[in-house]
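If you read the protein sequences in the order shown, they are chains X and V. The numbering of the first sequence is the numbering used here, which starts it at 5 and goes up by one. The numbering of the second sequence is the numbering used here, which starts it at 196 and goes up by one.
Think of the hints as simulated: they come from the structure by calculation, not from any bench. Since we're looking at a predicted model, the values are computed, not measured. The beta carbon of each residue, even a glycine, is placed where N, CA and C say it ideally should be. Keep in mind that a hint or two might mislead.
Examples of chain V residues lying across from chain X (beta carbon under 7 angstroms, computed) [what the hints assert, rightly or not]:
no. : residue
1   : Glu-213
2   : Pro-233
3   : Trp-347
4   : Pro-352
5   : Glu-353
6   : Tyr-356
7   : Ala-433
8   : Ala-479
9   : Gln-730
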Amino acid sequence: MPLVKHGKLVTDAFVTVADDETLPDAPALVSAERLLKEADALFARNQPVGVIWPNSKDVLDLAPFVDRLAVVALVFPKFRDGRAYTQARLLRERLGYKGELRAIGNVLRDQFLLMVRCGFDALDVAKEADAQAVEKELKTYSVFYQPTGDGRPTPLRARLAAARSV
Amino acid sequence: MYVYDEFDRTFLQERVDEFRDQVRRRLSGELNEEEFKPLRLMNGVYLQLHAYMLRIAIPYGTLSADQMRALAHVARRYDRNYGHFTTRQNIQFNWIKLEELPDAMADLARAGLHGLQTSGNCIRNTTTDPWAAATPEEIEDPRLYAEIIRQWSTLHPEFTYLPRKFKIAITAAKHDRAAIRVHDIGLRLHQRDGETGFEVIVGGGLGRTPFVGKTIREFLPRHHLLSYLEAVLRTYNAGGRRDNIYKARIKIQVHEIGTEEFTRRVEEEWAQIKDGALTLDDAAIDAIRAHFKEPDFEALTDEPEVLVAAKADSAFARWFGNSVAPHKVPGHAIVTISLKPVGGPPGDATAEQMDAIADLADRFAYGEIRVAHEQNLTLPHVRQKDLPELWRALDKLGLATPNVGLISDIIACPGLDYCSLANARSIPLAQDLTKRFADHERAADIGRVHLNISGCINACGHHHVGHIGILGVEKKDEEFYQITLGGKANHKARLGELIGPAVPESEVVDVVERILDAYVELRQSPSETFIAAVQRLGIEPFKERAYAAR
Numbered sequence: 005m006p007l008v009k010h011g012k013l014v015t016d017a018f019v020t021v022a023d024d025e026t027l028p029d030a031p032a033l034v035s036a037e038r039l040l041k042e043a044d045a046l047f048a049r050n051q052p053v054g055v056i057w058p059n060s061k062d063v064l065d066l067a068p069f070v071d072r073l074a075v076v077a078l079v080f081p082k083f084r085d086g087r088a089y090t091q092a093r094l095l096r097e098r099l100g101y102k103g104e105l106r107a108i109g110n111v112l113r114d115q116f117l118l119m120v121r122c123g124f125d126a127l128d129v130a131k132e133a134d135a136q137a138v139e140k141e142l143k144t145y146s147v148f149y150q151p152t153g154d155g156r157p158t159p160l161r162a163r164l165a166a167a168r169s170v
Numbered sequence: 196m197y198v199y200d201e202f203d204r205t206f207l208q209e210r211v212d213e214f215r216d217q218v219r220r221r222l223s224g225e226l227n228e229e230e231f232k233p234l235r236l237m238n239g240v241y242l243q244l245h246a247y248m249l250r251i252a253i254p255y256g257t258l259s260a261d262q263m264r265a266l267a268h269v270a271r272r273y274d275r276n277y278g279h280f281t282t283r284q285n286i287q288f289n290w291i292k293l294e295e296l297p298d299a300m301a302d303l304a305r306a307g308l309h310g311l312q313t314s315g316n317c318i319r320n321t322t323t324d325p326w327a328a329a330t331p332e333e334i335e336d337p338r339l340y341a342e343i344i345r346q347w348s349t350l351h352p353e354f355t356y357l358p359r360k361f362k363i364a365i366t367a368a369k370h371d372r373a374a375i376r377v378h379d380i381g382l383r384l385h386q387r388d389g390e391t392g393f394e395v396i397v398g399g400g401l402g403r404t405p406f407v408g409k410t411i412r413e414f415l416p417r418h419h420l421l422s423y424l425e426a427v428l429r430t431y432n433a434g435g436r437r438d439n440i441y442k443a444r445i446k447i448q449v450h451e452i453g454t455e456e457f458t459r460r461v462e463e464e465w466a467q468i469k470d471g472a473l474t475l476d477d478a479a480i481d482a483i484r485a486h487f488k489e490p491d492f493e494a495l496t497d498e499p500e501v502l503v504a505a506k507a508d509s510a511f512a513r514w515f516g517n518s519v520a521p522h523k524v525p526g527h528a529i530v531t532i533s534l535k536p537v538g539g540p541p542g543d544a545t546a547e548q549m550d551a552i553a554d555l556a557d558r559f560a561y562g563e564i565r566v567a568h569e570q571n572l573t574l575p576h577v578r579q580k581d582l583p584e585l586w587r588a589l590d591k592l593g594l595a596t597p598n599v600g601l602i603s604d605i606i607a608c609p610g611l612d613y614c615s616l617a618n619a620r621s622i623p624l625a626q627d628l629t630k631r632f633a634d635h636e637r638a639a640d641i642g643r644v645h646l647n648i649s650g651c652i653n654a655c656g657h658h659h660v661g662h663i664g665i666l667g668v669e670k671k672d673e674e675f676y677q678i679t680l681g682g683k684a685n686h687k688a689r690l691g692e693l694i695g696p697a698v699p700e701s702e703v704v705d706v707v708e709r710i711l712d713a714y715v716e717l718r719q720s721p722s723e724t725f726i727a728a729v730q731r732l733g734i735e736p737f738k739e740r741a742y743a744a745r
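Construct the complete structure from the given sequences, taking the supplied hints into account.
Written out as structure tokens, the structure reads:
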């Protein structure tokens, strides 16, 4: 499925590897179980490592790996299952994860902006047509009511800042 | 009331544009119904039995006269000339065409109204006391905090796809008129050592598994309101059940893991974020307060002559007795407008009535109107000297039924006449009951009774917390009704107790009448209310009488 990163269509360099498969000589996306079991071996390779982290698993368990992971893929099994939004914010804002944060699964255009505001920078888009609409979708709103890790000012704060600068 | 600024107006316009595009994609087939459903729901658009229904948010139940006129316009232009005020302090229209919805939304947005978050698995419109900023009982205007919550929760990127809908209610008065203990989160503003803060109650709710909420924090300093709410929502979003929609509410999570464990998780999360970007300082709270334009109250005195004289008229006196409440400013009063005429569907108002109420609000009430969860309207700031004239005007409009708080002031969901979930009708039953108890003398003698009707187990009519609760159920393709007694939604909230087998529709009114006759006989004195008598006696004596004639 088309991968959009920072609003642009990109080629996915990562290969998703099943648990019983040998690791290829390429950037690899592995399961959470495999990461936890084989972390040392995985990071000893000379290739970037990414993990697919299910939305039922505590994302804070990734704490020991955040500096070494190149990709964390969080899962939207249905777009209506919003657990990965919370995981994304915790990963970015609590654990300070700086690598690629990818939304995978049923990733649809009406959710793109919410995902980006929670810290996703890569969207594995479910529908081809939606991938073309990413740039437009991210501009749906120019104003935001609540602070998140994306650092956009809220009206309340903007107003207060304006009042202070007078 | 709160005055929207450029920011809010920009946001609403962008929301309308987004919805217009979503409707376009649905009509062109780019979106299938499954994909469109959550998007339309988040804009308040349901697909009901006969048509699309639009539910419009009325933040914390506060409307300006002009906003009421915008609602009248939508009723007239896009619907069948009436709207239905609901227990969520909202209004809904039942007959709007999908193709016309974006235009209706655009018209509403011009008046600062929208359908945002009136449905869907997101944080819904925050509700509060319809007497806010008018009642002398409260310690502070709770709408300040409801507005702070509105801003924080509006299109919250993390909490727009929750396990289920999420409802927050807030009160600042001793008498809870917002039913905070039967909400996902209830907030009670109170003071401790001179500081203002909140009691935080979590996990209340009605529906098929009703619970009274549990207090997870006795006192939360007001500056931490949002970070604490975010911690609760995060705990729920990450850990709430999603395997079964009937078990996906936060009340089930609290029940299953226990209040103690739930509280521990929230406190642990909160400790991590409590001093972050969500902290409200005094400047932030004052900035919100400054956006609430308060009426420029006239300097008046209580009990003006014209009012005293009017009370000699028994019809006025009767209405005054149950529709008018004391106000914090001398010479003023709070007026409840009954939307429960004898024989009418509870909560309905025609476009003409809405326009007329808007005009009356401008003339007599500083242009402000509230929607109460009992499906009535409130004029929060009326000059006492204008009460007789207001009453005459309301009477002409059919809006002066003197039954507020009495047996015919019924809460009822739309039921099987409109709702695709319902098992039984609610409105005809409410209409029959108002006819049976149309005699005002008798209703006044029976005194304060809350009778709530739901057409199905989802409990939109709040039957669990009615002094008398009526729940429609289906048995062999026939409509039957279960009856509960002793429920309350106030600060001493409790759930009603089932008195016995369900009865067919034809018998419900008689059963209710026998229960009330039993009360009149058994009460210690006329000052013992129905609910007090039920609590003192238990349900047995009522149960016996209810089924006696069968």
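(request) With a cut-off of 7 angstroms on the beta carbons, see whether Glu-353(V) makes it to chain X. (result) holds (4 angstroms)
(request) Using 7 angstroms as the Cβ threshold, decide whether Trp-347(V) counts as touching chain X. (result) With a closest approach of 5 angstroms, the Trp-347(V) hint holds.
(request) Would you settle whether the hint for Glu-213(V) is holds or violated, based on the nearest Cβ-Cβ distance to chain X being less than 7 angstroms? (result) Check passed: Cβ of Glu-213(V) comes within 5 angstroms of chain X, closer than 7 angstroms.
(message) Ala-479(V) was flagged as interface toward chain X. Is the shortest Cβ-Cβ separation under 7 angstroms?
(response) holds (6 angstroms)
(message) Tyr-356(V) was flagged as interface toward chain X. Is the shortest Cβ-Cβ separation under 7 angstroms?
(response) Status holds, d = 3 angstroms.
(message) Quick check on the hint: Pro-352(V) CB to chain X CB, less than 7 angstroms?
(response) holds (4 angstroms)
(request) Mind checking the CB of Pro-233(V) against every CB in chain X and telling me if the closest is under 7 angstroms? (result) Given a least distance of 6 angstroms, the restraint on Pro-233(V) holds.
(message) Given a cut of 7 angstroms on the nearest C-beta pair, is the interface hint for Ala-433(V) held or broken against chain X?
(response) holds (5 angstroms)
(message) Interface hint check: Gln-730(V), Cβ to nearest Cβ on chain X, cutoff 7 angstroms. Holds or violated?
(response) violated (42 angstroms)
In terms of the numbered hints stated before, the structure departs from hint 9 and from no other.
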